[in-house]
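J.: Here is how the chains run, residue by residue.
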Amino acid sequence: MAAYSLNINNKIYQVDVEEDTTLLWVLREHLGLTGTKYGCGVALCGSCTVHVDGNPMRACALPLSGFDKNQKITTIEGLSENGDHPVQKAWIEAQAPQCGYCQSGQIMQAVALLGENPNPTKEEIKAYMNGNLCRCGTYLRIVKAIELAAEKIATKT
Amino acid sequence: MDLNNKAVSRREFLKTSGGVALFIGISGLLPQMISCKNNKGVQKILEKHELTAWVKISEDGQVTIYNPAAEMGQGSMTSLPAIFAEEMDADWSMVNVAFSPQESEIYGSDKWSANNKVMLTAGSMITYGYYSIMRQAGAQARYILMHSAAEHWKVPIGDLNTAPGEVINERDNKRIGYGDLVPYLTMPVSLPEFSEAELKDPKNYRFIGVDRPRVDIPEKVAGTAKFAIDIQLPDMLYGVLERGTIHGARATLHNESEILGLKGVLKLVPFDYGIGIIAETLEQALAAKKLLKITWGEAGATGFNSQECYEAYGKIASGKSAGKVITNEGDIENALKSASKSFSIDYKNDYVYHAQMEPLNVVAQVGADGKSAEVWVGTQQGFDSKLGIPDYLGIPAENVKIHLQYLGGGFGRRSMTDFVLEGTGLAREVAPRPVKLIWTREDDVSYGAYRPLTLQRLRASADASGKITGFSHCIVGDGGNLVASGIGIDYYDIPNKYAEWREVSEGIRLKHWRSVGHGPNKFAIECMIDEIATYFKQDPADLRRILLAKSPRALATLEKAISMSDWYSSSPDNRSKGIAFLERSGTLSTGVCEISVDISTGKISVHHFWSASDAGIIIQPDNVKAQMEGGILMGIGSVLKEQITIVNGQVQQSNFNDYEILRMTDIPDSVETALIESREPPRGVGESGTPLVACAIANAFLKLTGKPLRHLPFTPERVLNALNS
Numbered sequence: 001m002a003a004y005s006l007n008i009n010n011k012i013y014q015v016d017v018e019e020d021t022t023l024l025w026v027l028r029e030h031l032g033l034t035g036t037k038y039g040c041g042v043a044l045c046g047s048c049t050v051h052v053d054g055n056p057m058r059a060c061a062l063p064l065s066g067f068d069k070n071q072k073i074t075t076i077e078g079l080s081e082n083g084d085h086p087v088q089k090a091w092i093e094a095q096a097p098q099c100g101y102c103q104s105g106q107i108m109q110a111v112a113l114l115g116e117n118p119n120p121t122k123e124e125i126k127a128y129m130n131g132n133l134c135r136c137g138t139y140l141r142i143v144k145a146i147e148l149a150a151e152k153i154a155t156k157t
Numbered sequence: 001m002d003l004n005n006k007a008v009s010r011r012e013f014l015k016t017s018g019g020v021a022l023f024i025g026i027s028g029l030l031p032q033m034i035s036c037k038n039n040k041g042v043q044k045i046l047e048k049h050e051l052t053a054w055v056k057i058s059e060d061g062q063v064t065i066y067n068p069a070a071e072m073g074q075g076s077m078t079s080l081p082a083i084f085a086e087e088m089d090a091d092w093s094m095v096n097v098a099f100s101p102q103e104s105e106i107y108g109s110d111k112w113s114a115n116n117k118v119m120l121t122a123g124s125m126i127t128y129g130y131y132s133i134m135r136q137a138g139a140q141a142r143y144i145l146m147h148s149a150a151e152h153w154k155v156p157i158g159d160l161n162t163a164p165g166e167v168i169n170e171r172d173n174k175r176i177g178y179g180d181l182v183p184y185l186t187m188p189v190s191l192p193e194f195s196e197a198e199l200k201d202p203k204n205y206r207f208i209g210v211d212r213p214r215v216d217i218p219e220k221v222a223g224t225a226k227f228a229i230d231i232q233l234p235d236m237l238y239g240v241l242e243r244g245t246i247h248g249a250r251a252t253l254h255n256e257s258e259i260l261g262l263k264g265v266l267k268l269v270p271f272d273y274g275i276g277i278i279a280e281t282l283e284q285a286l287a288a289k290k291l292l293k294i295t296w297g298e299a300g301a302t303g304f305n306s307q308e309c310y311e312a313y314g315k316i317a318s319g320k321s322a323g324k325v326i327t328n329e330g331d332i333e334n335a336l337k338s339a340s341k342s343f344s345i346d347y348k349n350d351y352v353y354h355a356q357m358e359p360l361n362v363v364a365q366v367g368a369d370g371k372s373a374e375v376w377v378g379t380q381q382g383f384d385s386k387l388g389i390p391d392y393l394g395i396p397a398e399n400v401k402i403h404l405q406y407l408g409g410g411f412g413r414r415s416m417t418d419f420v421l422e423g424t425g426l427a428r429e430v431a432p433r434p435v436k437l438i439w440t441r442e443d444d445v446s447y448g449a450y451r452p453l454t455l456q457r458l459r460a461s462a463d464a465s466g467k468i469t470g471f472s473h474c475i476v477g478d479g480g481n482l483v484a485s486g487i488g489i490d491y492y493d494i495p496n497k498y499a500e501w502r503e504v505s506e507g508i509r510l511k512h513w514r515s516v517g518h519g520p521n522k523f524a525i526e527c528m529i530d531e532i533a534t535y536f537k538q539d540p541a542d543l544r545r546i547l548l549a550k551s552p553r554a555l556a557t558l559e560k561a562i563s564m565s566d567w568y569s570s571s572p573d574n575r576s577k578g579i580a581f582l583e584r585s586g587t588l589s590t591g592v593c594e595i596s597v598d599i600s601t602g603k604i605s606v607h608h609f610w611s612a613s614d615a616g617i618i619i620q621p622d623n624v625k626a627q628m629e630g631g632i633l634m635g636i637g638s639v640l641k642e643q644i645t646i647v648n649g650q651v652q653q654s655n656f657n658d659y660e661i662l663r664m665t666d667i668p669d670s671v672e673t674a675l676i677e678s679r680e681p682p683r684g685v686g687e688s689g690t691p692l693v694a695c696a697i698a699n700a701f702l703k704l705t706g707k708p709l710r711h712l713p714f715t716p717e718r719v720l721n722a723l724n725s
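Chains as they are written, first to last, in this note's numbering: chain A, 1 to 157; chain B, 1 to 725.
It should be emphasised that the hints constitute simulated quantities derived from the structure, not laboratory data.
Keep in mind the model is a prediction, meaning the values are calculated, not measured.
Treat each hint with caution, since some may be false.
[As the list claims (entries may be wrong)] Using 25 Å as the maximum straight-line C-alpha spacing, the simulated SDA-like pairs for lysine to any residue come out as follows:
1. B/Lys641 / B/Leu555
2. B/Lys320 / B/Thr295
3. B/Lys226 / A/Lys152
4. B/Lys263 / A/Ser5
5. A/Lys152 / A/Phe67
6. A/Lys144 / B/Glu660
7. B/Lys263 / A/Lys144
8. A/Lys144 / B/Glu672
9. A/Lys144 / B/Asp658
10. B/Lys263 / A/Pro86
11. B/Lys603 / B/Glu531
12. A/Lys126 / B/Glu531
13. A/Lys89 / B/Leu336
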């Protein structure tokens with residue numbers, strides 16, 4: 001067991017867990033931040049995507065021993081106060097989710113995409129989102145939502 | 001109907017905390033209580049369901065409508081309450097939606113089986129199953145509100161009408177909000193049953209056929225929607241199971257004391273087919289699971305090889321002993337004998353896995369005395385609305401409480417209760433502490449319950465002009481209706497029809513998988529039609545137009561799909577279109593896809609998919625389109641990639657690396673859905689898209705290359721083999 005200090009959504013959390021415990025289990029089962037989902041456990045599905053210093057990462061593949069307390073972790077809960085980030089609003093407008101289980105990860109990946117590339121082409125969207133699985137088959141609406149979000153962000157700035 | 005039963009006094013009806021629960025409806029509580037002669041029984045129901053019925057109204061005007069169905073992405077949380085709100089004339093901005101309790105005698109539908117009310121979200125049945133119930137109950141809620149206003153104002157009820165969220169006196173234009181009526185609510189002496197003519201005129205619909213944003217989407221986008229896996233309870237423990245890769249194999253554990261000595265491990269729980277571990281934390285449970293030293297016994301599947309069984313299945317299809325005859329119209333043998341041209345083709349499909357994104361899980365808690373249980377679960381419900389727990393624990397059904405959560409995908413897998421009983425079994429060992437049981441993805445894949453593997457022998461006869469005179473279908477496979485659903489071709493005008501199922505049993509766990517037998521069966525049927533059309537140099541759409549001539553609703557979907565896909569114009573170079581028609585869950589659909597194939601790699605790409613469906617009355621059009629899009633995309637993945645294989649009884653796949661599902665780079669450029677206008681009752685759409693895909697792709701491939709694809713999935717290797725054949 002080891003004690004860790006983590007900066008999650010601009011709040012400092014202390015946890016005491018085994019060193020190889022992944023960020024995913026710490027978020028979900030120790031801290032109750034359950035918006036980040038478990039899907040495969042081996043970085044194949046993207047359901048657990050969070051941002052670490054702004055980069056999209058798979059929380060299931062990040063042991064806590066690899067973190068230092070200066071790294072900033074952002075989860076879906078920290079993306080916006082009231083679920084009203086432009087990407088979240090676009091997701092609602094496109095009526096993208098079905099079962100919804102993968103959508104936190106999809107949204108975190110999409111936010112990272114638009115951070116890097118504010119005006120992506122369809123092909124760029126598909127390539128960037130390719131690691132995020134959706135079994136309900138909402139991909140077409142996710143592409144649409146990302147295009148809508150890009151528009152929203154562009155008109156805002 | 002006599003409501004002057006003392007047991008159901010007005011006060012009891014209106015008694016709730018913080019609101020008024022109207023116990024209403026043909027399938028609601030009221031008629032049941034009226035028919036219940038046992039006053040104690042009535043009291044019991046009232047106590048148990050103090051706040052439960054179809055609707056609750058608060059004095060501030062908030063209306064809560066109860067959804068009796070599971071929400072697994074198909075939109076029940078919006079569509080069923082919308083039907084109720086339509087007849088109640090509710091103000092949607094004041095409507096909240098909650099899951100109803102899992103009490104089938106109150107919230108069940110009798111559309112599954114007559115005289116037996118069932119809560120079951122499967123078979124794309126819930127809109128059909130609850131359409132009348134929600135309309136009646138909504139209309140009766142409105143009647144009670146109007147009746148109460150009439151009493152309050154001392155005017156005839158005939159003078160009253162409603163506007164969204166309020167009752168209006170049409171003589172003096174006096175208005176009162178539904179919330180403001182709460183203190184004056186009175187039960188009418190009898191509740192009318194509303195005939196079709198007395199229900200709302202479709203011209204005035206504000207909900208049915210009108211898109212409204214889904215109520216569950218904001219919380220799913222915010223990350224706050226609760227799935228069972230998200231449940232946290234005080235003092236909760238974690239459970240995992242190790243199960244064999246041969247289904248049903250018995251476990252012999254060799255290092256029990258080592259495992260029990262691991263930090264955090266509290267208990268080992270043997271199951272018939274595995275070993276359960278209960279630990280303080282999930283990571284401790286998972287670490288212990290990896291260290292288990294188990295030898296596995298033999299089971300039914302031992303020795304079975306899923307890629308080698310087709311030869312034996314072919315022999316069974318050729319054998320003289322008939323199986324279970326499903327259809328027998330006309331004289332098929334005579335039709336085949338006297339045909340000017342006959343066809344016999346075998347189609348095959350490998351096992352496929354559900355791959356719902358939320359791995360199976362449950363949170364279960366058993367009372368300290370072992371006599372009660374509560375579970376928090378994403379379930380498609382079932383014929384036993386208590387999910388088998390009463391029998392499992394040997395306790396009365398009323399001692400079991402099911403807390404339904406959102407489902408992270410169902411697709412048929414969550415209509416099974418294996419995981420629920422496992423979690424309950426673990427919780428019993430540490431009662432009264434709750435246990436969260438999680439299946440890893442590897443567990444979920446390798447101990448899945450798959451859509452059955454089948455071989456299908458289709459035979460057909462035609463006269464010299466190419467008219468199909470006979471059609472015969474023999475399925476060899478395991479699972480009864482799991483393999484037989486969708487074998488019917490009622491809509492096709494063919495005089496001699498025959499269908500049968502020949503059973504084999506391999507010991508592999510099987511379950512309904514989105515559209516069940518329709519996927520493989522419609523693949524075989526619709527490909528056969530195209531092979532016949534190709535032989536006679538007929539256009540496959542033209543042949544279907546002849547076959548569907550006596551089914552106008554079906555024909556309308558064909559014509560619509562032909563026009564929207566511009567069927568008769570040629571595709572761009574190296575592309576081709578394929579067509580298929582089918583019925584699923586009462587919905588008629590024609591699909592057209594346009595594909596290309598990379599002849600060096602064998603990879604098929606789907607560029608466009610058009611579908612036209614007649615699903616009866618459409619409640620939420622955009623949601624129906626979402627279901628068709630999703631069903632088609634899931635279909636594309638399953639047809640091009642998905643395959644569970646068994647070697648010597650052992651499942652060979654374990655996660656998304658070796659069981660690949662559709663990813664975003666493989667999606668079509670467009671999926672277009674057209675809905676035919678209809679006043680027929682609404683039918684299911686959740687499973688209508690998926691089975692269109694295999695046949696439409698294979699038919700496009702046949703047109704493009706002249707080669708048939710007859711074995712699902714169409715992996716690059718199989719595509720290359722077909723191209724080189």
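J.: Can you list which hints this structure breaks, lowest number first?
T.: Violated hints: 1, 2, 3, 5, 7, 9, 10, 12 and 13; rest satisfied.
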